[in-house]
Amino acid sequence: GAVVSQHPSWVICKSGTSVKIECRSLDFQATTMFWYRQFPKQSLMLMATSNEGSKATYEQGVEKDKFLINHASLTLSTLTVTSAHPEDSSFYICSATDDPIQYFGAGTRLSVL
Amino acid sequence: GENVEQHPSTLSVQEGDSAVIKCTYSDSASNYFPWYKQELGKRPQLIIDIRSNVGEKKDQRIAVTLNKTAKHFSLHITETQPEDSAVYFCAASIETGANSKLTFGKGITLSVRP
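For the protein sequence lines, the chains are A and B, in the order given.
For the first sequence, the positions run 1 to 113 when the numbering used here is used.
For the second sequence, the positions run 1 to 114 when the numbering used here is used.
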């Protein structure tokens with residue numbers, strides 16, 4: 001199957017700082033990437049749909065100014081958690097679509113102190 | 001919007017036995033149903049999927065069945081092995097191209113007892 005790379009895999013930051021997470025499709029071009037948040041022992045909650053060259057579409061309840069998404073190329077999307085707070089601590093996973101199959105990155109565990 | 005329900009939340013089987021995991025969906029327009037396996041601390045991996053134009057699909061020890069009328073689909077694992085232990089997520093979507101969003105069930109933790 002296709003390979004999606006996500007990094008960093010783990011990040012610890014101080015409250016108030018911003019953290020950028022990268023998601024890359026390594027062997028295919030993805031016009032669409034998705035960003036999910038996963039709490040322990042819970043399902044994947046879609047945060048936003050990222051389209052190359054256009055603004056992301058955010059799910060209801062997700063603050064777009066808090067979670068900035070950029071999809072500048074067909075192989076790279078980034079999620080920036082701005083002014084992170086402890087409640088933003090979570091597991092963030094991206095996926096890239098080789099339509100209709102979504103291939104997932106390995107996830108980023110964010111811990112905000 | 002689509003709502004995918006997955007029950008129960010945990011399932012324990014003896015090695016060698018079969019396991020069946022069921023999901024229901026709400027939107028009759030949904031036409032693509034993938035199953036993902038997520039081992040602890042790892043990424044979700046697609047294990048099998050089915051489209052609404054077929055009722056069953058099989059891949060070695062894994063099969064998926066779809067009942068469009070009842071709006072439910074099931075994952076069947078035969079001859080279970082300890083390495084099948086993981087969280088399994090079902091999902092549903094309406095295929096509209098690359099923007100097709102998946103709605104996931106809450107996941108079921110399968111434990112295979114040696």
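Where hints are given, some of them may not hold.
Capping the alpha-carbon separation at 25 Å, the derived lysine-lysine pairs in DSS-like fashion look like this [unchecked claim]: (1) A/K55 to B/K101; (2) A/K14 to A/K64; (3) B/K22 to A/K20; (4) B/K22 to A/K66; (5) B/K57 to A/K41; (6) B/K57 to B/K106; (7) B/K71 to A/K20.
Derived by calculation from the structure, the hints in this document are not laboratory data.
Here's how the hints hold up against the structure:
Between A/K55 and B/K101 the CA atoms are separated by roughly 16 Å; this keeps the pair inside 25 Å, and the hint holds. Between the alpha carbons of A/K14 and A/K64 the distance comes to roughly 21 Å, so the proposed pair stays at or under 25 Å and holds. Proposed proximity of B/K22 and A/K20 is contradicted: the alpha carbons are some 37 Å apart, above 25 Å. Restraint check for B/K22 and A/K66: not satisfied, since their Cα atoms lie roughly 36 Å apart, outside the 25 Å limit.
Under the criterion of a C-alpha separation no larger than 25 Å, the hint pairing B/K57 with A/K41 is inconsistent with the structure, at around 28 Å. For the hint pairing B/K57 with B/K106, the CA-to-CA distance comes to about 23 Å; that is within 25 Å, so the pair holds. Restraint check: the Cα-Cα separation between B/K71 and A/K20 comes to about 40 Å, which exceeds 25 Å; the hinted pair is violated.
In terms of the numbered hints stated before, the structure departs from hints 3, 4, 5 and 7, listed from lowest to highest.
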